[in-house]
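Chemist: The chain contents come next:
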Amino acid sequence: MDFNAIAEHLSVANVPGLLSVDLPRPPDKKTKDKGRSGLPHVCVDPACMVEFLTFCRDDEALGFEVLIDLSASDPSVDDENLWILIQLLSVRHRHRLGIKSLLPKSALSMPSSTRVYRAAQWHERECMEMFGVTFEGHPDPRNMLLPDDWPGYPMRKDYEFPKEYHGISCE
Amino acid sequence: MGILEEAFEENVLTTRVDWLLNWARLNSIWPMTFGLACCAIEMMAVGAAHHDIDRFGAGAFRATPRQADLMIVAGTVNFKMGERVKRLYDQMASPKYVIAMGACATGGGPYFKYGYTVMKGVDRIIPVDVYIAGCPPRPEALLEGLMALQDKLRRTSVIRKPARLQPSDPA
Amino acid sequence: MTSPTETSATEDEHKPSIRPADEVRILASGEREFFMDVATSDLEINMGPQHPATHGVMRVLLRTDGELVTGAQPHLGYLHRCAEKIGESVEWLQYLPYTDRYDYLSAMNNNLSYSLAVEALMPELEIPRRGTMIRMICAELNRIASHLVAFGTYGLDIGAFTPFFYAFREREWIQALFEKICGARLTYSYIRIGGVFNDTPPGWLREVADFCDVFEGKWQEYYDLLIENHIFVQRTANVGVITAEMAYDFGLTGPMLRGSGVDFDLRRDMPYLEYGQAHDAGAFGVPLGTGEKGTLGDCWDRTQVRMKEMIECLGIVRWCLEQIEPGPIIGNVPRVIKVPPGEAYVGIENPRGELGHYLHSDGGKIATRCRVRAPSFVNLAVLEDLMPGSLLADAVAIIGATDIVVGETDR
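Chains as they are written, first to last, in this note's numbering: chain F, 148 to 318; chain X, 32 to 202; chain G, 92 to 502.
Chain F with its partners taken away, still in its complex shape:
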């Protein structure tokens, strides 16, 4: 199924959490819109992410057995939201789906998707240490790549590079 068919199927099935669909569009001089290139994705409410992913995995027509990626993005310092980005893949139907969720920076927490896909466990650990997102119900919220006492959340846009760590200069 191509993206439009998948989006259609999702909206017809009235899946909880589906907010909107973001399609690529060419730039428009009249509205001064710079346009959006690339690939489309669906926007999902973070609070209902677990139900949404469960539907994607268990539905026959969609059949997304594999969670390819779960990550986050801090679009800019001024933006009040953090993006949670999920990529799904269906092996038997040979199609993909991109999902985006907006999490307000003031309330950075959402339920953990490890119950749905075991692959989410390590991806969520990385998001937690890099962005400071809290995934409720995560079985193992330790630091993944950074040392245990590393200050700050490195992937945020307002991150300041540290000057020294344990007496060794960082410059």
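Quick caveat, the hints were computed from the structure, so don't treat them as lab data.
Be careful, since some hints might not be right.
Here are some chain G residues pointing at chain X (derived, C-beta under 10 Å) [claimed, not checked]:
no.: 1; residue: Ile136
no.: 2; residue: Gly147
no.: 3; residue: Gly168
no.: 4; residue: Leu170
no.: 5; residue: Arg172
no.: 6; residue: Glu179
no.: 7; residue: Ser180
no.: 8; residue: Leu184
no.: 9; residue: Pro188
no.: 10; residue: Tyr189
no.: 11; residue: Ala251
no.: 12; residue: Phe255
no.: 13; residue: Phe256
no.: 14; residue: Glu263
no.: 15; residue: Arg276
From chain G, some residues computed to sit far from chain X (all C-beta separations above 12 Å) [to be verified]:
no.: 16; residue: Gly157
no.: 17; residue: Pro292
no.: 18; residue: Pro425
Glycine included, C-beta positions come from ideal geometry on N, C-alpha and C.
Chain F is already provided as a structure; the job is to place chains X and G on it using the hints.
Modeler: Below, chains X and G without anything else, positioned relative to chain F:
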């Protein structure tokens, strides 16, 4: 060689002994398997048949630091790993030597500017004898570095303490 | 000394005075066997980060009860080099050398994945056909080189030193070919946004054809030397069995998934470049795990899939050599690349699985987000469930068959 340092003046006997000991040492430098990143693959290529490191006597890669003379730091050292590098260096028995292979071990490499967790050169924690440039250095460059180390060993003496590089001060 | 026929009163004096035996059995020969309940405790062994068998700086905290592994916890981050932060700090083309360095054994494929993702955001950029053909040849040769290292170092882990030297002999040839075309042996930065940056030197394509002819014979040698070796089969069959459901749940891709019998290869099923046409022309097939030596999805299956993939790569290279024609090699790429605003995720088939780049651009010279979906990072998670229940020697076999590269797990 603590008891012999400064005990005699240099004479024909000590130079003969020096020559013999240095010849024995430089023709049997046993490296420790310390491949960290991409340079490790070129180190493995040096250990393989085409660029043979065994003809220099340095083919017996020991996994344990207690039996190794040489630590070839091949790859990027970050703060988490640096702690272990220092511990392994301390576990090696004297006389011990360090080759910093590649741009990352020499001075941070391509991660110099924006790598917040990368240690900018392994000489911040351990004294380095030979630096090899390259990203990754060709196997021939590693062999040249080994030969430079052998030249350094030819100049050591039982009655003189060898000049060692100190870890550079944190900036 | 007292004779063995003494009464139990004097024998008690010679027994160790720790505890009396919990159970005494009398054997047919008349001897007595004493059984004592000895309290054992689990041993926590640290495997790595400096270890000859962990394929890089990975640390696995093993909890063992004697020789049996009861728990395994991988610890990462010893090679974290902030690749994603660098992606947000340097220009689009300047980031290309960093892509080489995550999975340093298959640098061409990494470059390809990043370039395809950027090109997905630049729809008006045309890639010339010769560029596509050279990209495919380089990607497949790199796949052979990467699988050779996997095969050689796996033998080394198991204890067979010889295959390592043979694997590196062939690898030197491939590295010499790459050195002729782009000047580097390991980290190429050759496949760039819009095509490739250098045309093939004269005679290069003929050398690639020569390599293909010679390699087939050598491949059979390596297959018989290691993969069909009785000892290797006993070390790897029935070890580390991954079922298809487990593979889906953990997000495994690449040979890890195909070793469990799942027929899925991104080059054939969601084609990029001209792999679709190559497959339709019969240039390559997709080998799967069969479970013939043990169970479906064991370590032997995964290794066997990697070996057979090398032969399929030769088919693709030969097809490209027939199809290639003179022409431009890179599209009309501006000197300073400014990617139009947008977001895209593109995943390709790396030797280890699916390497995907998610790029977000706001129209400028520098990416806003460059997320790398590394296959080794995802494949490694399965160790937590695979290792408990195996013996300590099998733990090494399982890590080797997972074929991770720590540059990729940590980025």
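Chemist: Are the hints correct? Go through all of them and say.
Modeler: Evaluation of the provided hints:
| no. | hint | result |
| --- | --- | --- |
| 1 | Ile136 | violated, 15 Å |
| 2 | Gly147 | holds, 7 Å |
| 3 | Gly168 | holds, 5 Å |
| 4 | Leu170 | holds, 6 Å |
| 5 | Arg172 | holds, 5 Å |
| 6 | Glu179 | holds, 9 Å |
| 7 | Ser180 | holds, 5 Å |
| 8 | Leu184 | violated, 14 Å |
| 9 | Pro188 | holds, 6 Å |
| 10 | Tyr189 | holds, 7 Å |
| 11 | Ala251 | violated, 15 Å |
| 12 | Phe255 | holds, 7 Å |
| 13 | Phe256 | holds, 5 Å |
| 14 | Glu263 | holds, 5 Å |
| 15 | Arg276 | holds, 7 Å |
| 16 | Gly157 | holds, 23 Å |
| 17 | Pro292 | holds, 19 Å |
| 18 | Pro425 | holds, 24 Å |
Checked against the numbered hints above, the structure violates hints 1, 8, 11; every other hint is satisfied.
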